[in-house]
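The task is simple: from the sequences and hints, build the whole structure.
These are the residues of each chain, in order.
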Amino acid sequence: MEKPVKILIAKPGLDGHDRGAKVIAQALRDAGMEVIYSGLHKTVEQILEMAIEEDVQVIGLSIMTGAHIPITKKVIEKMRERGIEDKLVFVGGVIPAKDIPVLMEMGVAGVFPGGVSLRETIKAIKEKVSVR
Amino acid sequence: MAVARYIKDEKDQILDVILESGIHVKPVYTPKDLDRIGFDYEKDLADPGNYPYTRGIHPLGYRSRAWTTRQYTGFGTPEETNERFKLMIAHGQTGLNVAFDLPTQMGYDSDHPMAEGEVGRVGMAVDTLRDFEIAFKDIRMDKIGVGLTINAVATIILAMYQAVAEKYGFDAKTISATPQNDILKEMIGRGAWIFPVEPAIKLVGDTIEYSMSVMPRTNPVSVCGYHIRESGATPAQEIAYAILIANAYIDNVLSRGHDIDAFVGRFSFNLNVFGNMWEQIAKFRAARKLWARNLKERYNVKNPQNLFLRGLFGGGGYGLTKAQPENNIMRGAYYALVAALSGAQTTALCSYDEAYTIPTPRSAILSLRTLQLLMDEMGLRDTVDPLAGSYFIETLTKEMEKKIEEEMEKIIEYGGIVKAVSSGYIQRLVAKQAYEIEKGLESGELLKVGVNIYTDNEGAMEVELHEYNYASAEKQIKALKEVKRERSEREVVRTLRELEDAVKKDKNVMPYLVECCKAYATLGEMTDVFRQVYGEFREPPLF
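Going down the list, the protein sequences come from chains F and E.
For the first sequence, our numbering assigns the number 1 to the initial residue and increments by one for each residue that follows.
For the second sequence, our numbering assigns the number 133 to the initial residue and increments by one for each residue that follows.
Just so you know, the hints here were simulated from the structure itself, not pulled from any lab data.
Some hints here could point you the wrong way.
Said to hold, decoys possible - Sample of chain E residues facing chain F (criterion: CB under 7 angstroms; computed from the structure):
(1) Gly224
(2) Leu234
(3) Ile276
(4) Gly277
(5) Ala324
(6) Ala455
(7) Ala563
(8) Glu594
(9) Leu597
As the list claims (entries may be wrong) - Derived list of chain E stretches under chain F, where covered just means 3 residues or more per stretch with a C-beta under 8 angstroms from a C-beta of chain F:
(10) 466-477
(11) 480-490
Note that the structure is a prediction, hence the values are computed from the model and not measured.
By construction, the Cβ of each residue, glycine as well, lies at the ideal position given by its N, Cα and C atoms.
Laid out in structure tokens, this is it:
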């Protein structure tokens, strides 16, 4: 049997809008992944701590405030510092189309702005993990 | 998002309609339905302005006064927000509703590491009284009601509002603030909580107790079914949980020995308009009736005016889509119609571009115009509760009433609202329902225009994005440093120490906070006093 994908769904920063994060967490779990949900108001450091401790392959960041660029940048930088850049990072939330290439350039594995279906999200995560 | 389940045959004929709250809609309603539900005009409706207020709280409804329009406004620095306030007022808006940035909502100063990247982003940044002095400059605080969308630190912001009013020469007795101040719903949805459940409820109680004597025109709590619904609750659950949450705040104030008639009349509600329109209209009518009955029968409220469910019915955020954004303009118009047909006292609409951005001035004014059109052009002020007597609406209102009561009963059986929120029972329930809705949209069982039907996006409009201004954040931090340099440290230390003492001794914190604000203590300094004594809420697990 293939080992299930282990993923951390994380809410970085002060934003408390968690409907999307909780929906995707349930969907990924139903798709056979092992899902850890961070809860709200986590610092980037706390999220990376969790990712290391739980030994996840994937980190999914849910950001609704518009601060996705500074937060993601910080996540990627700190991951390099800690030598865990092998983990895949996905970003979901209120993400304008023009910011998607900026995030991809930073090194994220995929971006899911509002409106992307659960099916597409699951498929994209599975594909990226299997390539790895 | 999608609003009802439709069972159809192979010819696309509808065989059954199941509303979110679980009610089946029949193809035709007749007087027999009213007989079946035991409809009694005097008992179930009564004339507008009469108990149980199903038809509305005023005898003349919008004839005596159109609704208050209160678009959610605020971003960047207090200067920028003040400018936007004045723009909205110049366009005929009759109330204000202040959006605060996340650091403010979470009790952090703009220079705190947790505030990085968020200063002034989703609302106005507030650090000290100086910011309120700028934001409310030239605003007639004795004339215009001001909603303050703040919860965990509502005590501090309300104290600051009093302090700025007094500074500008307005008597606290004349000002009318409506802090949102509903912390239990933050723990269910929206997530801007800080302190644990018990002290958080105590702080809500403090604002209610304090307003009674000091700011009698202020509405110290706006109970929000709205965000609970946005998180995945059904319309029946939205009302059920809102009433139970309101009761938790009432119980806190009653435990201090106050008479219910002295404060409950200032409660207000913030409820959601999105969904199947008939179900929402029935929901609002049933909610007015149940709230009045709850107060009369459970709490023995005597003054009829204190039985009113005064509501902001609006928003509709979850109903809006990113796909084909112009459709949201039409959705907003229908949502506004629902609010008007339901007798909202106050209203506000989510703007069509909110799935993309903070509303631009153009989109905010478009929402305001949508609301104004109904009142001034379409005849919604003509007569009160125009749908009353409809076989369908009256049957549905009665069925909604029953569904809401069932949902309340479930929570009471579980052990009450405080337990249901502390343990995460409600959070898990609404998250599961939210997931079921997404699955329904994906399978096509639930329909959403532009999302899973009529999805051709060609030629869809480009949404103009509100650009975050990094310079505003720097300016805000600089202004904070300046205030800190100019203020009397001794006064700050003294007032904060007195606040700490009051918190530890479980006194009403409001008068102490007003003193701290007047000494230009920062929001973060005041919040830290609470954090140290109370600790923080521990979020219950999702799985």
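Verification of the hints:
1. Gly224: Violated, because the Cβ-Cβ distance from Gly224(E) to chain F comes to roughly 29 angstroms (cut-off 7 angstroms).
2. Leu234: Interface hint status for Leu234(E): holds (4 angstroms vs cutoff 7 angstroms).
3. Ile276: This hint is violated: Ile276(E) lies away from chain F, its Cβ roughly 28 angstroms from the closest one there, beyond 7 angstroms.
4. Gly277: violated, 26 angstroms
5. Ala324: Since the shortest Cβ distance to chain F is 5 angstroms, the answer is holds.
6. Ala455: holds, 6 angstroms
7. Ala563: For Ala563(E), the interface hint holds, since the closest Cβ of chain F sits about 4 angstroms away, which is under 7 angstroms.
8. Glu594: Constraint on Glu594(E) not satisfied, violated at 10 angstroms.
9. Leu597: Where the cut-off is 7 angstroms and the nearest Cβ of chain F is about 6 angstroms from Leu597(E), the hint holds.
10. 466-477: violated (count 0)
11. 480-490: With 4 residues close enough to chain F, the hint holds.
In the structure shown, a violation is registered for the earlier hints numbered 1, 3, 4, 8, 10, in ascending order.
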